[in-house]
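Protein chains in written order, with the numbering used here: chain A, 1 to 376; chain B, 1001 to 1938.
Rather than coming from a laboratory, the hints here were simulated on the basis of the structure. Given the structure is predicted, the values throughout are model-derived calculations rather than measurements. No incorrect hints appear here.
Covered stretches of chain A, going by a simulated chain B footprint (3 or more residues, C-beta under 8 Å):
#1 66 to 78
#2 267 to 279
#3 307 to 319
#4 324 to 332
Ideal placement from N, C-alpha and C gives every residue a C-beta, glycine not left out.
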Amino acid sequence: MRVSIIVLAIGMTLTGCRTIINLYEPIIVSDNEWNMLGRDARHSGFVVNTIEPPLQLEWTRDVSGGVTTGSPVYGDGVLMIPTLSGFISFVDIVSGDEFGFINLRATTAAAPAVKDSLLVAPVYAGEISLRVYNLKNASLYWEIQTGTVETAPLIVDRFLVAASTQGVMYCFDLPETTEVWRTNLPARIYATPVSDGARVVVACSNGVIYGLDLREGKILWKQPTGAAVFATPVMSDSLCIVPSLDEYVYAVHSRTGALAWKTFIGTKAYSGGALADSLFILGGTNETVYALNVKTGSIAWSTRRRGVVSTLPVVAGSVAYVGFQSGFLVAFDVQTGNILWENRVEGRIRMSPVAAGDRIVVISERSEMYCWKSEQ
Amino acid sequence: MKRSFLNITAVIGLLVFPSMREIQAQFLPFGRNKISYAQFHWRVLKTEHFDVYYYPEMLDLAQRGATFAEEAYGDLREKFNFSINHRIPLILYSSPIHFQQTNVSPGFIPEGVGGFFEFLKGRVVIPSNGSLANFRHVIRHELVHVFMHNRVERVIVDYGIPGDRYPPLWFVEGLAEFFSTEWDSQAEMVLRDAVLNGYFTPISRIGAIAGTFLMYKEGQAALMFMAEKYGHESIRLLLENLWKGKTFNDVMKATIGKTFREFDVEWEYYLKKKYYPLLADYREPGDVSIPVVTNGFNSKPTFYQRGDSTYVVYIGNLTGYTSIYMKSLRGGKPVRLIQGEKTDEFEAFHIFQSRMSIYGDSVLVFVTKSGASDVLHLYDLPNRKHLRNLRFKDLVMLGSPSWSPDGTRIVFSAINKAGWNDLYIVNVRTEELRKITNDIYDDRDPAWSPDGSWIVFTSDRGSAGTHGVYNLYGYDLSTRLVYAVTDENTSYYSPAWSADGKTLACTNDRDGTQNIFFFRFDNNRRPVELRRVTRLTTAAFDPVFTAKGSVLFSVFDHFQFQIRGINEVLEAYDSLEVIPFAAPHRPLTAWDVPPYGVQSASSDMPYKRRYQLDLAQSQISTDPVFGTIGGAALSMSDVLGNDQYYFLLYNTAQTADEILSSFSIAVSRISLNTRTPYAYGVYHYSGRRYDLTDPDVYFYERAFGGYFALSYPLSKFYRIEASVKLGNSDKSAIFDVRERKAVLLTNSVSFVKDNALYYWTGPIDGNRFNITLSYTTDIQYSNVNYYSVLLDYRRYFRIDQRTAFASRIELLYNHGEEARRYFLGGSWDLRGWPFWSIRGTKVWLTSHELRFPLLDNIGLNFPFGNVSLGLIRGALFFDAGNAWDAEYPGTRGSIGFGFRFNLLGVLVLRYDLGKRIENNFTSLQSGLFQQFFFGWDF
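I would like the entire structure built from these sequences, with the hints used as guidance.
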């Protein structure tokens, strides 16, 4: 297999194929791995096993090409890291070695998503906005035109959901490479959509949260907030939790759109949160991390640490890891908010960390990737 | 950089009269002096995100500034969704006059500059002008630049885009205003005038007004509109999307879906819809008032009557210099009473800031900067004679003096060294000074009531003062208590009494811009009635009454500051519109700003110099004669820019054997934080040389030694310079056997004056001279021994605003053993003669030139856009002179015509054509010469 892929890659290069894929190993990602932004279609950001601090730095690696927002994804022992210079780098989680890459030939500023062996990458490449690659045979699988996409793709079962910046929601059948539906919304979309398996929830720059039927794209309900939404919503059971730039966090019923609660946190949250049992954890631009009760919206705790938070937290069992723009990766006790451990990297953390098995991976804006593992 | 409206002419002046640029003359330097009058004992207050530099006198203000800075940091962190991960140096001054002495920026800081952010080291430098609201605004404005700069830098690095992909100036400054302040009456006035009078400049053409106050406010207005239509986040996204387009036009298209032109269509429509309806209810200034002074930029009218003759005395800028003028109200031309900005005594008028006052029919009191601080001037109007100055030891800036009715005292506002603006009364005879307000509030424009019992002034001490709202207050001279006259959420300014003391004129911005209103009071000095006098589309301000109840005032209209009047308005008082008015009822003093707490000794410490790199540059060049030369230059300075080090290292070796003998090294230190700036350094130069003044000699020289130089500025315009240099110089000619050894001691002393006013291509007013005497001797071998007498005098006779006649006479005389030679010829001196072709140890030169505007603007319209070439000036010139060694060879000269074109404000291109005057001034060249070069006019 390895030889065939190499031959294919060489062949594609020599024949002038415009897409360059250099991948020595086939990759197959299962659904319970960190295969999209926020780990899964619910963007829970949650893994069951606790990664107990203190953490020990296992390896570091230079990720050439610049990173900003978005997040790597992980599966099959491989980290897949999008870079602004237009590459997706494949890095072995144990050794930290890069063993392959995809040259997207266009900037990608959002997290990719992987379903089995199909990797979907949003790109800023003129008319093409999504490229799908087959990681089994290192080939370009599909190119999709949707207009600019600045959010991460969402994969639910066989459906690929993408939100274009211009406000159009798309749903594709990924294996079949066909469009299932598209729905126009009246405002721009900067927040990655979320799904509970039956519905897609998306929030727009006009501050309105929309609930769409996953299979037909029909608008089921809408719920206004007080300002634009940039943060990634999170689905907790039947509640969809949406931080808005009006400094409130909203929880709406995903079936009806009815408002369950809204809580004023007094800061803008641009990134989104993660779930930890009964708590919703998120950080704000006021350098504070909040834990909200998922059922009531009440603030269980808040802890300040210097630096804007513009990343999604990672919750590993009873510990929440949050990356700050001050360069700190901080581990919080999810029940109390106490700081359990922290470490500072060079440069801001603006790309969301991921839990890769029993490791935490962070990439700083200076393109340095850090992999930590529990000392225990 | 933050610029205030109050000094809008300074801003305009920068465009029209780019006089702050200093050039190096061919032989002798000129230039005005930036003087460190005050010796600041700097300290550093460390807050969570800032190192706040301040001096002990302004501790309270600095602590409040630190509070503002941290508050702004928190807000901007949210707006930009971005952290600054390094400590931000914030250098504070307690007044604009102290600020003008900063060495963070090497050049002169014009009066209109309210603060600046220096990109190289990320320093923020801000003065207070007495208003905490303004202090807060400027701190916030400059911190927007800090956040924006760091954010843009990050985008450039992340996406690997060219470093010059920076947002345009209108966006940079517009965003700084949008994120730092509310839309105020000055902004409204400027934008209304631009829209209603047809000079509004859309974004696609905003380069035409780059750097002006109008550009700042149009930028702010454009972003306000964009936020309203496309959402607040679109502004942040414009920065984050910089990588999406090669031009900002592309970035805007990618972010909001509109190009500049498409956006302009929407924005212009919005503005017209907003402002055109004003024409129904509001009046043009010309409809309701008569013109008094219309040319130039004029403000602060003061009524003056002598016998039956009535005048207006005002501060105006017709020529580039701000001066005091007087004009008869019956017409005629204005007469300049006080020439400003040319002499030490009247160094700077704070135009738009300080009113004047006249006692009876005789003594005018006004304020100028004079040396280290402002002074009050008393001026005998009938005799046109300056009487005396009043200078106050601890008061740095003064404002708006007002005579007591009996002429014994003057009340005025003043900013002390601590940075607080309070009211003071001075006894004119004894010069005894009494402070009558003493707090953190900004107290301005006092007006002594005609019955002498109270003083009305404007202040931000009311509950809305945190937002920069000013109200009227009274000071009772018998009880010495301050009480509120008004307490509203709109601002009152410029109170002025009628002669009978029954009516108080003032301005109020309840219409969005300032207009004139009258108050009347009951016997308890409570305001009982408010009536509107003007309802102008733009703005009216600085009202004063005449003896007959007319009112004179300043008007902003068609981008001009005029003085206009309404006749006998007091007679028509009863017909004026009555404005509902609520008497003050809230507590007098309602607000404070918590000073930033100092947690530990380590949070507040004396300033220690730490040097950081300013410049590091290496260069390798190859010359057909001298081979390859490689070297590097470094400079570094401390945070305050007071101490600067320069390092130079280069090597001219052509073979490996020559490396050690061809090293040149120089180290210099310049200290600027003293009244007498000085510099010293050591050097070692060695290598092959070609002496420009001795073209036939190529030689090898090894020279080493040291020097010390100092400059004592007598004032902004005069200075004495002196230097001593001791060095070894060993020369050997390359194509000859000659060798010369010397240990040279050089002493020199110069006297320099410069008050010239620059226009687009060179000076057009004022004069400048440099007299230098120096003596050089070889103290060991006596091989060198010569003296120098150098004189350069230039005078510029103003003919009209843009035309001047310039004259120069230059005498350069070197005499003695190995005296250095000078050179003439070319576009800079003796035009028409080959460049630097005439050489000698002695030179005389005179040049005379008529400088005039030729073409105001050349616009080229291309399919991709319009290109404006700007202003082209013309010159008619005459030169005469020569250079010689022993025997005078006869006089050479030239006459001709030239074109001058200023390229982007940094380079003047010159094209001359004419005839040489040859054969000892007996004949003209048969044909025409042409010369093209660059350089500012002499």
